[in-house]
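Each protein sequence line maps, in turn, to chains A and B. Read in order, the letters of the first sequence are residues 4 to 266 in our numbering. Read in order, the letters of the second sequence are residues 22 to 286 in our numbering.
A portion of the hints provided could be inaccurate.
Unchecked claim - With a straight-line Cα cutoff of 16 Å, these simulated EDC-like cross-link-like pairs (lysine to aspartate or glutamate) come out:
1. B/LYS205 with A/ASP150
2. B/LYS260 with A/ASP150
3. A/LYS227 with A/GLU101
4. A/LYS185 with B/GLU269
5. B/LYS243 with B/ASP204
6. B/LYS247 with B/GLU102
7. A/LYS240 with B/ASP170
To be verified - Computed Cβ-Cβ distance ranges for the label pairs, DEER-style:
8. B/ASP254 with A/ARG152: 50 to 56 Å
9. A/PRO239 with B/ASN115: 47 to 53 Å
10. B/ASP193 with A/VAL100: 53 to 59 Å
11. A/HIS169 with B/GLU191: 38 to 44 Å
12. B/GLU217 with A/PRO239: 30 to 36 Å
13. A/ALA74 with B/ALA103: 56 to 62 Å
14. B/HIS252 with A/VAL100: 48 to 54 Å
15. B/GLY218 with A/HIS154: 45 to 51 Å
16. A/ILE208 with B/SER63: 28 to 34 Å
17. B/GLY218 with A/THR218: 49 to 55 Å
18. A/HIS169 with B/LYS243: 33 to 39 Å
19. B/PRO151 with A/PRO94: 39 to 45 Å
20. B/LYS173 with A/PRO234: 55 to 61 Å
21. B/LEU178 with A/PRO234: 55 to 61 Å
It should be emphasised that the hints constitute simulated quantities derived from the structure, not laboratory data. Even for Gly, the Cβ is constructed at its ideal location relative to N, Cα and C.
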Amino acid sequence: MRNHLLGVALAIAMVVCFSWAASAQTKQPSVAPNDPSANPAHDLSGVWFDDHPRLITVQQRYWAYTFTPEAPPMTDWAQAKFNAAKSSFGPHAVPLVETTDPLYHTCAPIGFPIAFLYPLPMQIVQAPGEVIMLFEWDSLRHQIFTDGRPHDTALGPLWMGDSIGHWEGDTLVADTVNFNDKTWLDRMGHPHSDALHVVERIRRIDHDHLVDDITIEDPKAYTKPWTAHLPFVLKPKWTLAEQFCEDEQSFQTIDKDAAAPSK
Amino acid sequence: MRKHPLGMALALAFAMVLSFSATASAQTKQPSKASKLPNADSAHDLSGVWMLDRPRPLTVVERFWMYELNEEEPPMTAWGEAQYKAAKSSFGANAYPLAETNDPIYHTCTPPGYPRVILHPFPMQVVQSPGEVIMLFEYDSVRHQIFTDGRKHDTALGPLWMGDAIGHWEGDTLVADTVNFNDKTWLDRVGHPHSEGLHLVERIRRTNHFHLTDDITVDDPKAYTKPWTAHLDFLLRPKWTLAELFCEDQDTFDEIENNETKPAK
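Work out the full structure, taking the sequences as your base and the hints as a guide.
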């Protein structure tokens with residue numbers, strides 16, 4: 004994120020990009036239907052950043068640590084897990100050295116969908132048959148296969164899940180299962196089991212805005228399915244930077260920044 | 022890689038028939054227009070899932086995934102030689118058991134770095150978007166972005182595990198120039214070293230629909246007495262997709278390494 008400013012070169016690229024987008028929208032698709040460039044409505048590509056309103060207090064930073072302002076409907080099992088989790092974020096934050104956040108001290112993959120809740124950008128790239136989310140954080144990759152394959156339980160349990168998708172009009176409907184249970188669902192320590200089932204409806208509502216309506220279903224952890232709405236804004240001048248968890252110093256800097264009151 | 026070999030023989034035979042016809046038709050077709058789309062000029066389309074393509078030797082130390090960039094020993098400086106001697110790799114001619122290795126990726130799961138990750142026996146996918154060519158490695162989810170939008174190197178970025186890579190096209194060849202490395206990684210899997218002064222130049226070309234070559238020049242005056250080159254061949258794997266393989270999945274990792282050190286059948 005440090006180095007997204009690109010100056011004149013990208014300003015020019017942007018102009019070219021806008022004119023390309025404009026011409027693309029007036030053009031009928033003439034190539035194979037699984038080419039992402041064939042249908043402009045199916046083009047989700049770009050560098051995206053969380054677009055929640057900027058909140059003022061430390062607990063409500065513009066990157067929220069959880070999916071919804073309301074507590075999700077936890078089962079007894081989940082409530083016990085949540086009570087035991089010592090997050091370094093949120094209203095009951097513990098200091099970094101005391102946290103039980105599985106990410107800290109081991110740099111284990113954070114998993115999905117929690118990757119959305121880190122204050123770093125996400126890039127979508129598309130190839131025939133797949134939509135790929137690249138997270139700046141820890142170089143994580145989430146591939147959504149749109150080539151018609153079914154889920155494959157032989158793949159699991161996975162950190163980022165086994166994700167397949169299809170298009171309903173201009174909405175990518177992504178269905179993800181086969182998770183392991185080693186990760187938190189969010190940065191406050193809400194849990195999930197390996198039965199987690201995530202359904203996302205991802206839509207580019209205009210050139211600069213993307214929304215992800217996400218449904219969390221996990222009968223072991225939640226008494227009923229619940230939903231969250233994630234807005235993203237396009238950052239046309241940004242590119243993803245390298246940010247590995249192992250760079251402990253920069254990692255701690257980020258967390259210190261995150262815990263400092265906004266100016 | 023676990024699931025990739027399934028039913029591959031027939032699939033590949035079929036795919037190769039398709040590929041030859043695709044190659045034939047691609048070569049008779051001229052690119053019709055210039056555009057920002059990466060696939061607008063087919064000569065600049067490197068996209069696909071690629072696997073390092075080396076002859077399959079019979080002995081353990083010469084497996085089809087080699088552990089080094091080159092067959093010949095690179096021209097090390099005294100510093101480079103000392104680092105190399107101190108490295109206890111679990112691969113190659115003088116392999117140590119896994120428990121004794123000081124390979125930086127073992128036990129800590131630090132990023133393998135670039136270009137070492139190329140030598141891990143897992144596929145690599147190239148995806149392209151305007152202004153960048155992205156290499157996605159199955160191994161440990163690492164990615165290597167080569168920016169082709171005209172930007173310069175930026176020392177404020179480094180030192181980096183995967184380096185700061187910029188590129189430009191010379192005809193059908195992507196020339197990638199990478200600097201700003203940290204010195205925490207090995208250059209390859211047998212423990213050849215590199216310093217923060219590592220400078221890579223790669224000439225990457227899709228020689229036909231199914232083949233990609235990467236002629237790589239390694240320049241690092243602290244570690245090597247002169248620049249040296251290696252030639253890497255990649256084969257398209259049209260039916261493969263990248264799987265999840267994090268270093269943290271130790272069981273899987275050990276299993277793979279055990280298989281890898283078994284003699285080839």
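The hints, checked one at a time:
1. B/LYS205 with A/ASP150: Given that 16 Å is the threshold and the Cα spacing comes to 39 Å, the pair is violated.
2. B/LYS260 with A/ASP150: holds, 11 Å
3. A/LYS227 with A/GLU101: Not OK: A/LYS227 and A/GLU101 at ~32 Å, beyond 16 Å, violated.
4. A/LYS185 with B/GLU269: Judged against 16 Å, a Cα distance of about 11 Å means the pair holds.
5. B/LYS243 with B/ASP204: holds, 11 Å
6. B/LYS247 with B/GLU102: holds, 14 Å
7. A/LYS240 with B/ASP170: holds, 11 Å
8. B/ASP254 with A/ARG152: 50 to 56 Å: Taking Cβ atoms as reference, B/ASP254 and A/ARG152 lie about 29 Å apart, which means the hint is violated.
9. A/PRO239 with B/ASN115: 47 to 53 Å: Since the Cβ atoms of A/PRO239 and B/ASN115 sit about 51 Å apart, the hinted range of 47 to 53 Å holds.
10. B/ASP193 with A/VAL100: 53 to 59 Å: Given range 53 to 59 Å: holds, Cβ gap about 54 Å.
11. A/HIS169 with B/GLU191: 38 to 44 Å: Given a distance of about 40 Å, which is inside 38 to 44 Å, the answer is holds.
12. B/GLU217 with A/PRO239: 30 to 36 Å: holds, 32 Å
13. A/ALA74 with B/ALA103: 56 to 62 Å: holds, 58 Å
14. B/HIS252 with A/VAL100: 48 to 54 Å: holds, 50 Å
15. B/GLY218 with A/HIS154: 45 to 51 Å: Roughly 47 Å apart at Cβ, these two residues keep to the hinted range, so it holds.
16. A/ILE208 with B/SER63: 28 to 34 Å: For B/SER63 against A/ILE208, whose Cβ atoms are near 33 Å apart, the range 28 to 34 Å holds.
17. B/GLY218 with A/THR218: 49 to 55 Å: Hint holds: Cβ distance 51 Å, inside 49 to 55 Å.
18. A/HIS169 with B/LYS243: 33 to 39 Å: For B/LYS243 against A/HIS169, whose Cβ atoms are near 53 Å apart, the range 33 to 39 Å is violated.
19. B/PRO151 with A/PRO94: 39 to 45 Å: Holds, at about 43 Å.
20. B/LYS173 with A/PRO234: 55 to 61 Å: violated, 34 Å
21. B/LEU178 with A/PRO234: 55 to 61 Å: Taking Cβ atoms as reference, B/LEU178 and A/PRO234 lie about 29 Å apart, which means the hint is violated.
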